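Here is what each chain is made of, one letter per residue.
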Amino acid sequence: MVARHKLFKSMKLDAQLDDDDVLSDGGEEYTSPEHQALLNDGLDRIRELIGSADVSGLSDDQISDVLWNCHFDIEETTQWALEEQEKIHQAQERKAAREREKAQKLLVQKQLAEAKSASSSRAASPMGNLARGGKKGTPAKKVTPSVNLDQRQLDLSGLNLTNNEPTRVEEAPKVNFAQDKLLEEVRKSMESQGEKGKQRLSLVVIGHVDAGKSTLMGRLLYELGRMDERTRTANERNSVKAGKSSFSWAWGLDGTAEERERGITMDVALQSFSTTQRQITVLDAPGHKEFIPNMISGASQADCALLVVDASTGEFEAGFDRGGQTREHLILARSLGVAQVIVAINKLDQVQWEKDRYDDICALLRPFLIQSGFHPSKTKFLPVGAMLGVNLATCEGDDAKQLLQWYKGPTLVDLLDKLEPPSRDIAAPVRIPISNIFKGQGSGTSVAGRLLSGVVQVGERLRILPGDETAVVKSIEVEEENVPWAMAGSNLTLALVSVDSIQLTIGSVLCPPADPVPLASNFTARIIIFDVQVPIISGAMVELFHHSRDVPATISKLIATLDRTSGKVVKSNPRVVAKASSAEVQITLRSVGSSVRPIPLEPYAVNKAMGRILIRREGETIAAGVVMEILG
Amino acid sequence: MKLVNKHIDKHGTGHVTIRPEDDEDMWHLYNLIQEGDSVRAPAIRRVQKVSSTGSVDSQRVKLNLTLKVTRVEFSSSTAASTTSPEDSSDPSSSATQQIPTAALHISGPVVVENQHVRLGAFHTLDIEVQRDVRIEKFEGWDSIAISRVEESIIPGKGAEVAALVCGEGTVAFCLLSQHMTVVTHRLAFSIPRKSGSSSGATQHEKGLTKFYGALFDAFIRHVPYANVGLKAIVIASPGWVRDAVYDYMVGEASRRGIRDKVVKVHISSPHVHSLVEVLKSPEIVAQLKETKFAREGIVLDKFFKMLGTDEMRAWYGPDHVVLAADRGAIGTLLISDELFRASNPVIRKKYVGLVEAVQQKGGEVVIFSSMHESGQQLNQLTGLAAILTFPLDIEIVEAEEKEEAERIRLATEAELDVG
Numbered sequence: 001m002v003a004r005h006k007l008f009k010s011m012k013l014d015a016q017l018d019d020d021d022v023l024s025d026g027g028e029e030y031t032s033p034e035h036q037a038l039l040n041d042g043l044d045r046i047r048e049l050i051g052s053a054d055v056s057g058l059s060d061d062q063i064s065d066v067l068w069n070c071h072f073d074i075e076e077t078t079q080w081a082l083e084e085q086e087k088i089h090q091a092q093e094r095k096a097a098r099e100r101e102k103a104q105k106l107l108v109q110k111q112l113a114e115a116k117s118a119s120s121s122r123a124a125s126p127m128g129n130l131a132r133g134g135k136k137g138t139p140a141k142k143v144t145p146s147v148n149l150d151q152r153q154l155d156l157s158g159l160n161l162t163n164n165e166p167t168r169v170e171e172a173p174k175v176n177f178a179q180d181k182l183l184e185e186v187r188k189s190m191e192s193q194g195e196k197g198k199q200r201l202s203l204v205v206i207g208h209v210d211a212g213k214s215t216l217m218g219r220l221l222y223e224l225g226r227m228d229e230r231t232r233t234a235n236e237r238n239s240v241k242a243g244k245s246s247f248s249w250a251w252g253l254d255g256t257a258e259e260r261e262r263g264i265t266m267d268v269a270l271q272s273f274s275t276t277q278r279q280i281t282v283l284d285a286p287g288h289k290e291f292i293p294n295m296i297s298g299a300s301q302a303d304c305a306l307l308v309v310d311a312s313t314g315e316f317e318a319g320f321d322r323g324g325q326t327r328e329h330l331i332l333a334r335s336l337g338v339a340q341v342i343v344a345i346n347k348l349d350q351v352q353w354e355k356d357r358y359d360d361i362c363a364l365l366r367p368f369l370i371q372s373g374f375h376p377s378k379t380k381f382l383p384v385g386a387m388l389g390v391n392l393a394t395c396e397g398d399d400a401k402q403l404l405q406w407y408k409g410p411t412l413v414d415l416l417d418k419l420e421p422p423s424r425d426i427a428a429p430v431r432i433p434i435s436n437i438f439k440g441q442g443s444g445t446s447v448a449g450r451l452l453s454g455v456v457q458v459g460e461r462l463r464i465l466p467g468d469e470t471a472v473v474k475s476i477e478v479e480e481e482n483v484p485w486a487m488a489g490s491n492l493t494l495a496l497v498s499v500d501s502i503q504l505t506i507g508s509v510l511c512p513p514a515d516p517v518p519l520a521s522n523f524t525a526r527i528i529i530f531d532v533q534v535p536i537i538s539g540a541m542v543e544l545f546h547h548s549r550d551v552p553a554t555i556s557k558l559i560a561t562l563d564r565t566s567g568k569v570v571k572s573n574p575r576v577v578a579k580a581s582s583a584e585v586q587i588t589l590r591s592v593g594s595s596v597r598p599i600p601l602e603p604y605a606v607n608k609a610m611g612r613i614l615i616r617r618e619g620e621t622i623a624a625g626v627v628m629e630i631l632g
Numbered sequence: 001m002k003l004v005n006k007h008i009d010k011h012g013t014g015h016v017t018i019r020p021e022d023d024e025d026m027w028h029l030y031n032l033i034q035e036g037d038s039v040r041a042p043a044i045r046r047v048q049k050v051s052s053t054g055s056v057d058s059q060r061v062k063l064n065l066t067l068k069v070t071r072v073e074f075s076s077s078t079a080a081s082t083t084s085p086e087d088s089s090d091p092s093s094s095a096t097q098q099i100p101t102a103a104l105h106i107s108g109p110v111v112v113e114n115q116h117v118r119l120g121a122f123h124t125l126d127i128e129v130q131r132d133v134r135i136e137k138f139e140g141w142d143s144i145a146i147s148r149v150e151e152s153i154i155p156g157k158g159a160e161v162a163a164l165v166c167g168e169g170t171v172a173f174c175l176l177s178q179h180m181t182v183v184t185h186r187l188a189f190s191i192p193r194k195s196g197s198s199s200g201a202t203q204h205e206k207g208l209t210k211f212y213g214a215l216f217d218a219f220i221r222h223v224p225y226a227n228v229g230l231k232a233i234v235i236a237s238p239g240w241v242r243d244a245v246y247d248y249m250v251g252e253a254s255r256r257g258i259r260d261k262v263v264k265v266h267i268s269s270p271h272v273h274s275l276v277e278v279l280k281s282p283e284i285v286a287q288l289k290e291t292k293f294a295r296e297g298i299v300l301d302k303f304f305k306m307l308g309t310d311e312m313r314a315w316y317g318p319d320h321v322v323l324a325a326d327r328g329a330i331g332t333l334l335i336s337d338e339l340f341r342a343s344n345p346v347i348r349k350k351y352v353g354l355v356e357a358v359q360q361k362g363g364e365v366v367i368f369s370s371m372h373e374s375g376q377q378l379n380q381l382t383g384l385a386a387i388l389t390f391p392l393d394i395e396i397v398e399a400e401e402k403e404e405a406e407r408i409r410l411a412t413e414a415e416l417d418v419g
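Here the protein sequences come in this chain order: W and Y.
Residue 61 in this note's numbering sits at position 61 of the first sequence, and the numbers go up by one each step.
Residue 335 in this note's numbering sits at position 335 of the second sequence, and the numbers go up by one each step.
Next up, chain Y with everything else stripped away, as it sits in the complex (with noise of 0.2 angstroms):
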């Protein structure tokens, strides 16, 4: 994403207009506009004029609007990439220029008079690639909001790592990007298991060279393998699967490059959620240290370890986890931006709260992306959870909530009653 244009005062008021550029540019658009903002992109929208005659006259006219939104859609994948014949024959081509398949949909009444459109007309934005987007905040820019800006328009494009979580028999290619995990095409074949007999055993071995075919030509299709910005592609599967698979795409592929690239990763199951697995994985976290969905990856599996060693210093839920912040005990705070997309601006300044006063007492604060695997895990989780630095008991810290509110309600009372 680019940044254009920028104009936020002391108090939060102001107006930033940036310009996505690929799929998690939308993702943060997403996460950046909120319901009451008003967002100005541009739009066709077909206007319908009536001649002194009487003749109805409809035309498309480009233009730029101003919506106060009232509802903002999301789709990773609207159209899963229609490949033409002319890409297939020379797949390095389409590798390289991956076409965007997430949408962004925001609609509300137009809040600026045009003369083409009345306000307080009905419209919903496309937010297209390389259309500047201008976001007045509803509530003025917090710092979550500003923060988000400031991570979307550092460089660094498009997918960084390719996974393939394979089984026997099923595989599912996804790409990670800083805050998006996409997958793009998923693979189910039945094979036939092995028999004591010997045919069975060829049933078997034909199903998988099939399936190995059919994998090899779907990665051709889906992995931008040859993209420079693809760190690396990470081949997962349980048994000795990944191994098959490797070799089968090294006697395929006649670029060198793949093999380079590839990482062979051991996860227990062949589910998408694996995944999680892969970002933990020592071959992985060498060579990712620094990308965020590694380190939401690294969080997620400190707080798992937590709950099981200690369980005192693992808290998780909004309620909880806000006390044990009164208490100034979280070390790492782990928290959804799922929680910040929230349409009451009231439980949206809750959480800005509760992450600038972890900050402000010094705790680390990690927020997941809830397109990526861990952090759909944290949203089972309420999306809210808490290292503690020291461990507190929840029955004690809620008896003593308790205790406190009775100790104010009482004091309320006297002082009504002495007044």
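Chain W on its own, in the form it takes in the complex (with noise of 0.2 angstroms):
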């Protein structure tokens, strides 16, 4: 009986969570003899069915007290008996989640986590593992009262009375799966994919200023039905009102006053689409010399390019003689790992569709998309006229007329279904460089950026680097769909939780608590020079390009001039290195204000998106190269 005044004290809060109530028989005075057969037959074979009290985590005094409750009917009784044992689960994994928090912060919990017991517990993370090891030594008896007690703690600390951040109020999502059952997934997901034949890939639009990469990204929207009517005529009343009606397709693309006003693309915009066999993910990036910082952060998410040239008089020559952008984002593009390039050729109706105009560009580009480092094979060209809508979704109609009689080839919708997604490094472990916070619905920070290599999900906590802080990931979303898990390539808007949105910047690269990405202040690396026309010395001040940020390095050294071809030290320590060579350098970042801060960094050896660098110095880009070893 001291017993059921226990458990009567522990079941009144209880009875509030559990719908039946379990009191309001009131027959804790007196149980009859043949009761008492029925509830020892009833429980012995509910026992069969769920296991021994440490196992189901369910007292006898719980079940026979449900029995009496059911009038002995075993199966009610059962029924119930399962369901408990389900949210013993459920609330032994919230606990173990939060545990793992915990632990991390404090690394004093270890008599919780010994005295909270469990039957199994799903959660596969090295505290869940923990917790069970913990519970195996206590015995049953004194485990199965704190059953109770916990679910109560529980709900309470659920309410964050006790938690000693009361600020937090979002709850931490679980994770759903073990990191070895989420790879299997993964796996599992893309081979269906394949099948399917939706692969998903990203693409950045690149070119010189004005060529029309914003107009023929928003008519391609709007062809493939991913920009409504309401938003074009909008779009197009207001730029008409404005003075600017050329710009109204852009506007889809171009959302700032300032943008609009100014009729540039100034940073990137993010968009998606799909074609019959792939999905897309296009990033217009901005064609102005000013916003190149913009346009690598965008180039450096991206998979393939698109390539826009003006066709027109004059200003194709302008894009493409030296300092223009047609040049640079090409050469750019390439260092940031972009292997494949469509080149459209726009503006064709401006030179009244001329097949000798379109051949002379195609010709003057070949050889240099082959100097840059593009396979001719993964080199696609093909004339639009995007303003009209020309070849990109289709090719016909009236507008179109003066094409085809030349042009037989493929659309852009066509050469974009044929992309080949590059492999994706899914095993390794998750590299998300941040590119863009906001706030998101609700509570808590959203995060956008490229998911570079590995597989993470929703519950997943994450460090930020550079700092000591960690985050858990509320909720994944790739474009502009809920997902519960995300893999290598995508690029994705995390919803952050457990975490002051201070703690974020733009730059920053998320990483699992287990695995941080090594931070670097000093390192060495080998770069290509480009057509500079001060050459490198020890001691040049310069920009380094990383992902989403710029911070001011130093050349400290000239280790060595290599052979392009052969990477062969030519000479080492060289006094100065110049352009169009190849050479070993060590790269120190400058102090900003009093102390240097490291940047997170990995050799390309480790991780290849995350050991590409650019080197810009007075607004040009002088150098790219690869992260070789990180010295401090």
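Hint data in this document are derived by calculation from the structure and do not stem from the laboratory.
Careful, some of the hints might be misleading.
Under the rule of at most 30 angstroms between Cα atoms (straight-line distance), these lysine-lysine pairs were calculated in the BS3-like manner [said to hold, decoys possible]:
#: 1; chain 1: W; residue 1: Lys-244; chain 2: W; residue 2: Lys-289
#: 2; chain 1: Y; residue 1: Lys-305; chain 2: W; residue 2: Lys-557
#: 3; chain 1: Y; residue 1: Lys-280; chain 2: W; residue 2: Lys-244
#: 4; chain 1: Y; residue 1: Lys-280; chain 2: Y; residue 2: Lys-361
#: 5; chain 1: Y; residue 1: Lys-206; chain 2: W; residue 2: Lys-244
#: 6; chain 1: W; residue 1: Lys-571; chain 2: Y; residue 2: Lys-49
#: 7; chain 1: W; residue 1: Lys-557; chain 2: Y; residue 2: Lys-302
Quantities reported herein were computed from a predicted structural model and do not represent experimental measurements.
Each of the two chains sits in its own frame; use the hints to bring them together as a complex.
Structure below.
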């Protein structure tokens, strides 16, 4: 009876949680012998089904109580027992998740972890295992009442009355899969995706300023039904009102007031659409020289590139000459690991769809593309008229007549369909360089970025580097769709909880706490020097670009000049490194304010996408390279 | 800085008494005072006395102490100028009177006995403005030190240019004076970038407005815009941030003075080192032609340009530059003041000799202040560079040197043989 009284106390609170009122029957005074027999019989049979007290997490008293209330109906009681077990499971998982969180911060929760009883925790985290291991030693009798107590504690702590961080209201979502199971799942879905044929890839749109990148994308989005009629007419009306009717398509992507006013793209716009074969994320890069940092941020998130070239007289030449963005963008994209490019020769309508002009431009671009490192088999050319929508999704109608006289090739959508997504490294640790931070719906902070490697899932805890903070992934959004997990190569938006947004900066990298990215302030790199006017000497001040981050740095040492093709050392400790040569150099970050802030970097050999760097000086890209070794 | 007393004989021995007045004077003193010099300055020292009964009595005594310097420490901003509530209510008063923030500490043993302090006791002098400092050079006053004193006593007060180096969400407030660039304040805002949806655009704009507001507040607090000595307020940025910042400031500011002084300059990156680009820009060059820091920027730029066009006429590194000086090839010598701060007198003498040699041959010498961005860039290039009047191939010169050394060695050997 003493046990019953204990139960009574603990149940009083639980009663509100469990819908059935356990105590209303008031059968606590007296149990008749035949009832006792029925009770024992029922208890034995239920035990057979659900296991002993420490396995099931349910005590004899609890079961007999319910049995009594259900008038010894075994079926019903079993049902209840299984439900109850499920509840305990969930509670434990939630608890395990919270446990991990606490343990990482405090490392003093051993007692709690021991006291916590669990039948089996599906959370396969290290702390989950620890909790499971700890419980084995505890006697079953002691465990039983604490289950209920725990349940209560859990609910109470769910209200954050006991939590030492009172500001945190969101509950950390639980992890669904163990890491290896998740990988399996991802592989499975990749295979099925292969069958279905919609492979994901991201595409950066590059080209000289005013080549028509945004217009082309705006028109394409409209043709593919991604921009609704209302937005289009609104843009058209407003652009006419502003006296910029030619920008009406571009306004679909250029959202900010300043961009519209100036009529140029200033920052990368992210959009997505699907063709018959591919699910494509588009990053519309700014073409203006001033915004190359933004373009780098965009291009480092892309697999393929769409180069838009202005065919009108004089404009192509301006873009392709020294200092033109056609040239620089191509080199930048290639240096950032983009290997496939589609060249869209735009504005051919302004030169009366002349075949000669098209051929001339192709002939000029081809050798340059090869020289920049694009394989001829991975470069495609096509003529388009973005404004009129010629040869984007279709090549028909009055506007296309002149083109159809000599062009029989594929349309832009046809070419996009044939783009090959590169291989994704899903087994590597998670790396997400943050490219944007904004307030999401509800509480918490949302970050956008590209998952360079690995697989991320809801409920996962991620470390923010540089810094000592971690955050929990509340939800993952890929192309405006909520997904339980995402794999390498996705451009995702993560809603993060249990983190102060002040800890997040654009350029930070999210990674697993167990496998952090090394922080570097001094490293060696192999670089290729572009066409620079002032040669590089040791001590040269540069800006180092890595994903969305740029930091001031110094080329502190010229280690050797290398042969461009073989990579052999030509001269060690050179005094200067001239243009169009290759070299191994040491790069040191400069202090900002009083201290040097290291940035997350990885050698190219470890993680390709994390090991690519660009070096700029005075608004000019002077070199691109890969990180060899991190010195400190 | 005011020169109170100067007594230097033709051999360079003697002393100078000067009175520092602002932050920049501290920087001058830091460059002037070297290890081994004796410095006399007012100090407050806690003196303990043990009476005949054994009770200890300690009191603070204000006295003049003469130290033999063992260490000089300089920090450009000790305490970020804390503005009191009264100041913020009347911004113009705080803006006109900048509180000196630079600090100079000189430590060493006391060399002149005093009734309170025995000989050899250590003390650290905290140099203050408006307190006379007497310096006696251990190695005598060389041409560099004398010119430094002369330079420092030219009137012309405080910051001459204020520069706001902006990016989208970042700004560094810099005050440039003849010899110093001080970053008085930095702001870094995380501004949500535009996204496809319209809500993203408004978040972006909200972030920007917040940033401009914070920028303007910081501007009022950290830039002495009402100071008559301030020649220009430079707003520099890549893109069009400077226009937006300017428009916001003009919209907020009631004083017309700001608008007249503002110069908008394009730079390629939002980092402080882009100040070099600011100083090169035609808008600034025209306005500040005669100032030292503008000159430094121009000369450094010339050096880099030379490096690009004719590598044989742009040399850097102490060894190479000395070789070039030996051949009388130096047209312009770029040297960092850091080199003159060398604690080893032999090294300092070497550089002083180099400067004098170049000057004698009619070359131009530009001593860079390492408190300026251009000086820091020069420091990265070993602190010593030269633009030559005629091309010289380093490898040939080095071979010549080797030959010469060999010849001398042989000659001495031969001499020894004869002997």
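Hints and how they fare:
With a C-alpha separation of about 22 angstroms, the suggested pair Lys-244(W) and Lys-289(W) falls inside the 30 angstroms cut-off, and the hint holds. Distance hint between Lys-305(Y) and Lys-557(W) is fulfilled; the C-alpha atoms sit about 21 angstroms from each other, no more than 30 angstroms. Restraint check: the Cα-Cα separation between Lys-280(Y) and Lys-244(W) comes to about 36 angstroms, which exceeds 30 angstroms; the hinted pair is violated. The straight-line distance between the Cα atoms of Lys-280(Y) and Lys-361(Y) is roughly 28 angstroms, inside the 30 angstroms bound, and the hint therefore holds.
At most 30 angstroms may separate the alpha-carbon atoms for a hinted pair to count; Lys-206(Y) and Lys-244(W) meet this at roughly 25 angstroms. Annotation: proposed proximity of Lys-571(W) to Lys-49(Y) is violated, straight-line Cα distance about 69 angstroms (limit 30 angstroms). Only pairs whose Cα atoms come within 30 angstroms are accepted, and Lys-557(W) paired with Lys-302(Y) is accepted, the gap being roughly 22 angstroms.
When the structure is compared with the earlier hints, violations turn up for hints 3, 6 and for no others.
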